[in-house]
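Colleague: In case you want the letters, here they are:
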Amino acid sequence: MQQVAGDGGRAVPSLRASQSRLVAEPYCVHRIIEDPEWCLIAVPPLTELCLQHIVQNFTNNPVLDRLPPKDQRKVLARLPTGLPLAVTANLISDEGYWKRCCTERWQVCDISNHGGSWKRMFLERHLENVLKCFVPNTTDPNQVLELIPLCRDYVRKLEVDQFLPPVKEDEKEETDNLSDSGSDLGFGEVCIHHYDLGALVPALPLLEELHLTYGMKDCGMNFEWNLFNFTYQDCCNLAAAVKMCHNLKVFKLTRSNVDDDRTRLLVRSLLDHPSLVELDLSHNLIGDKGAQAVSKLINHSKLEILCLCNNRICDEGAQALAQALAKNCTLTSLNLRLNHVEDKGGEAMGCALLTNTALKSLHLGGNRLAEPTAVLFSQVLAQNSSLTCINFSCNPIGPDGGKQLLKGLRCNQTMTEFDLRLAEVGEESEYLISQMLWANRDAARLQPVLQQPAEPRS
Amino acid sequence: MSRGAGQELAGPRWREPAPVRDPHPDQNPDSDTAEPGPEERIAARRRRIAARLDAQRRQALGENEEPKEEAVEVEEERSSHNQVEESRQKLAKLLFEGTRMVTDIQVAVDLRETQRRAEQAELKLQRVEKLENEARSSADKFEEITSKWALAKEMTIPQELWQLLNQQQQLCTQLLEEKNKLIGELQQELKNKDEQYVQTIKKQSDDIHLLLERMEEQIRMMLKTYRRNIHQIEKAFELERRELLDNNRKKWEEAIQALNTKELEYLHDRVRKVEEYEKQLNQLRVQDEEEYNSMKIHLESDVQNLERQLQHMKAVYLVNQEKLEYNLQVLKKRDEENTIIRSQQKRKLNRLHSLLSNLRTKLVKQEKQFREENQSLAADCERITGQCKEVQRRMRHFAASDAEKFTKVWLMNEEEAKGLMRRALDADRIIHTQQLGLPWEEPHYWFPNNVGPFRHYKAKRMATKLAAEVLTEGTSGAQEKKEKEEVGSGEGQKENTAKSGDTVTPLQNISKKTAKKILELVSDESGFLIERKLLRPLRALGKHECTLLRLDSIFSALEIDSEDDLYQLMDFFLKYKAKEGALSQSQGSPGGEDITDLGEERADGESSAQSDELKSSQGPLGSLPSVYIHADNVLKILKAFVQDFHKLREEDNSAEEVLQVWDSSKDGEYWEALTHVIPESTLKLWDALAVALEEYYNILTRRANLIAESAVLQQQNSELSLMLEQFITSGANSMELLSPPVQQMDLNLPCPGEPR
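First to last, the sequence lines map onto chains A and B. Using my numbering, read the first sequence as starting at 1136 and increasing by one per residue. Using my numbering, read the second sequence as starting at 2 and increasing by one per residue.
Possibly wrong hints are sitting among the right ones.
[Said to hold, decoys possible] Take a look, some chain B residues computed to stay more than 12 Å from chain A by CB distance:
id: 1; residue: L357
id: 2; residue: Y577
id: 3; residue: I700
id: 4; residue: A709
[To be verified] Chain B is faced by these chain A residues, among others (derived, beta-carbon under 8 Å):
id: 5; residue: R1472
id: 6; residue: L1473
id: 7; residue: G1500
id: 8; residue: G1501
id: 9; residue: R1503
id: 10; residue: S1528
id: 11; residue: R1556
id: 12; residue: L1557
Simulated from the structure, these hints should not be mistaken for laboratory data. Virtual Cβ for every residue (Gly too), placed ideally from N, Cα, C.
So here's chain A without its partners, still in its complex pose (with noise of 0.2 Å):
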């Protein structure tokens, strides 16, 4: 909002010169005697004087449907962007104008980003400002409201990295600043909840995707551990809002100490969800059973690609997911890199994978693996022909298991990527293992071209 007020303030400046311009007009009537070079051009017309008008009274009056499409286009031109959204949101659609208020009120903007609209644009952009400006028990929660009936049209994804806690009294900070771990449990408990997502996401018809990370951004030396408390009622809440969301198909909750317990809430409310595709749980403190949970999930629902990454995942969790993937048809790409799955739950993932046909993608990067996990995925590569990318950056799989993964790559046609950087897997694997992956790429390139050969040349 100040940067709308900001907007406003600029926006005034062309408004005074044109009022100017305007002023200045009866002395020109005096001055063209005197021009030689006056003709009739000069002269603004009467339209375009109107059309200043609408442009200058827009506020009060919003005329833009009833006018002609060339003059609506002139209007549009030069409507200021510091307009408030309650009049322009559902009357203009021109992407020019919402392209000028985006590009004057952000400096980076990626279209691709909101779908090729700048309206949605401006409408995500605005909506995830004002969550992340939003301080529960201070702020307004009409102020979130009263945005729903503007953008429920157009948002379709919301990406919030930052949810401010409520405003505590001033000695605590001063004391947080004083000792750092030690009260922070403390003042866990009494620290309250973030905002509420329950009231605005069921609002969003369209919304299908929401990234969320519950914590604080540039927080500077005003670090506080509660700062970053991922609560209870938090998750319960967030699990309700998802719930109600049913054309959701993306769901990210990253780097907000989500735990087992949590985990368990969140999947039991996104089991069956009729549309959700991709899961993102990374940077969070996902354990064991959390896992499990997940992997409860994996075959209760379409999700096609899910991401634990940098969590406390270990064999059994491991195991767990395996369990499940043998069993899944839908899952594409798993993402599991910096747990500690470890060889007993790596040989898990890849018994899993002798049946499984639908993976194809898994990130076991630094996992601690080693040789034995080198040695069934070799029978892996051999059986398997539906994976196509499989990543085990930073493992100690050893010059052995290196040899073994060549081994099974040799009677592999589809695997196109294969990361073993770091893996301490010997120079001359990794330089076969790169030259069958060009081959298996060059193949794959050409494998569609061969379905369509006429298309191109004609």
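Since the structure of chain A is provided, determine the placement of chain B on it from the hints.
Modeller: Then chain B, alone, in the frame of chain A:
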């Protein structure tokens, strides 16, 4: 270019997570300083240089290839595509390596993070252990102190107590110091950690900077390479285009030049031709003019001629007109005459028409009449045929009754004759035995056994019997012959014996072997005709019996009952073979004869003997081919036989009926034979015997007379003797005589009884 955009997109994606991680010191994976950046950078630079060199080389190659491109169009096309493909591959590799280089940082950070975590876990374990150890030792110490407190209570001497308290104090301070030390250590560790954290953050920021740098560099390089590649591709295409243009222009110019030269030639030709044609035209014009003039003169003269002729014709016309008018008048008159004639004719026509109708009615009537007549005649005919049939039936009946009567009369007569014969024979026997004292043997004749009128057909043996015979013949031929003769004799007449002998002989003539073979063949090949039930018991029997039984059933199936049928079957086989032989060997007369004979045989039916005789002449011929009858043909033959057989049988039956008519030629013989029961020699004997007996009778009668005389004499004698006695006794002669008469008489008395 799309790949470049992708790269640009990929850039921010990697850029994003880095700054966000900052506020999470404990979760932050990037906590160490940037890994061997320079080395990687050098490697990347090397790669880039190599790629650039590669591109340059390729460019040079492309330039080298240009002359080739000019040569062949298809090659050109391919070379440009090659260029595109190469650029694509190069860029893909570049992109892959670039992303790899960028992600290298992430991977390195990941590794560091995992290492750090491992270290951390280890350190944590150590720390926990250390703390536990410390707690245990401090607890021990504390217990020691507390145990000493109990001891202190027992202390009574203040100095000792003071000493003890001092000791306790020392111990406490020691414990506290240890604790404080631990706390200090931990705090030190914490501080170190903080420092580490700060370092890590720095490292991370360095990493991020590096990442950004690399990404930017990457983007720049990608842009550059993309631009260069595009330039190259464009250049290649441009070159191609230019070459194509050049080629085309060259071709175009050549073509135009050729066109121009050709046009010039054509023009020259045309000019020449125009001149020629002009010359020709002039010539033609002069010629035509001359021709025209001559023609004109000619035509004018013609016109004059024609005018003259016209006038002439006009004169002729006038004359003709008059002639025609005259003719017209004549014709009119004729016309009138014609009308009269026509009316006459019409009348005549009407009359004829009425005549015709009358005749037609007559015809119809006659037709009806004839039809009726025809019907009546047909009825008559029917009636007459019916009558005829009736008569025939009656005739047959009478014939039958006649035959019956005949047989009765015959039997009666025969009985009589036989009685007579028997008497004669008895007399003969008596004569022989009693009178002549000779042994008497009853002469054997065929006729005494005959009862009833003698029929010409012989009782037919059963076919199976014959077959059995034939089959056994092979083993005992001679015996069989005798038997047959016997059988023949059993049947009666001598002629018949001969005939029956003949009927058998064909089989013999056909040769027993052949016959046997044929029968065996039939039994083997037509096993399907045998009933199922029979088959099983058949196996138990010997071969000979087996074939017999089989033949029996086969014959029953084929309805072959009598001997004749079997002969026909044999004949059929032989005929078939002979035909085949005739066809194959084209034998002349014998074959033909055979066939004709067979035709006769069919007609006669009964007189098979004749043909068989003929056949017997061909015995050797017939026997030879029969050996070679192939098993496969048996069925064909049988089939043909069965078809023909029914026809044959019908004919036979009709023939038999005809032959019911009497053949009395042999009756005479029969009766004649009956009269000749006693042979001529016996009769003579009898005559002689009669004469002798007559004589004997006379002698006997004479003797009888003599006996009677002798009796009379004896009586006289006895009377005389009596009288003598009386005389003697009477004493008349009391004196005895010298010789007494009684003695003498005793000697003579037995003599007359001797001949008896």
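Colleague: For each hint, tell me whether it holds in the structure or not.
Modeller: Results for each hint:
The beta carbon of L357 (chain B) is kept farther than 12 Å from every beta carbon of chain A, the shortest such distance being approximately 95 Å. Residue-level check passed: Y577 (chain B) sits 76 Å from the nearest beta carbon of chain A, beyond 12 Å. Taking the minimum C-beta to C-beta distance to chain A, about 150 Å, the non-interface status of I700 (chain B) holds against the 12 Å cut. With a closest Cβ-Cβ approach of about 160 Å to chain A, A709 (chain B) is found to remain outside the 12 Å limit, as its non-interface label requires.
At a threshold of 8 Å, the smallest CB-CB gap from R1472 (chain A) to chain B is about 7 Å, leaving the interface hint in force. Checking L1473 (chain A) against chain B: minimum C-beta separation of about 6 Å stays under 8 Å; hint holds. Taken as an interface hint, G1500 (chain A) checks out: its beta carbon lies about 6 Å from the nearest beta carbon of chain B, inside 8 Å. For G1501 (chain A), the shortest C-beta to C-beta distance to chain B is roughly 4 Å, which falls under 8 Å, so the interface hint holds.
The beta carbon of R1503 (chain A) comes within 7 Å of a beta carbon in chain B, closer than 8 Å, and the hint placing it at the interface holds. Annotation: interface hint on S1528 (chain A) holds; nearest CB of chain B at approximately 5 Å, less than 8 Å. Because the closest C-beta pair between R1556 (chain A) and chain B is about 5 Å apart, less than 8 Å, the hint holds. A cut of 8 Å between beta carbons decides the hint on L1557 (chain A): the least distance to chain B is about 5 Å, and the hint holds.
No hint from the list above goes unmet by this structure.
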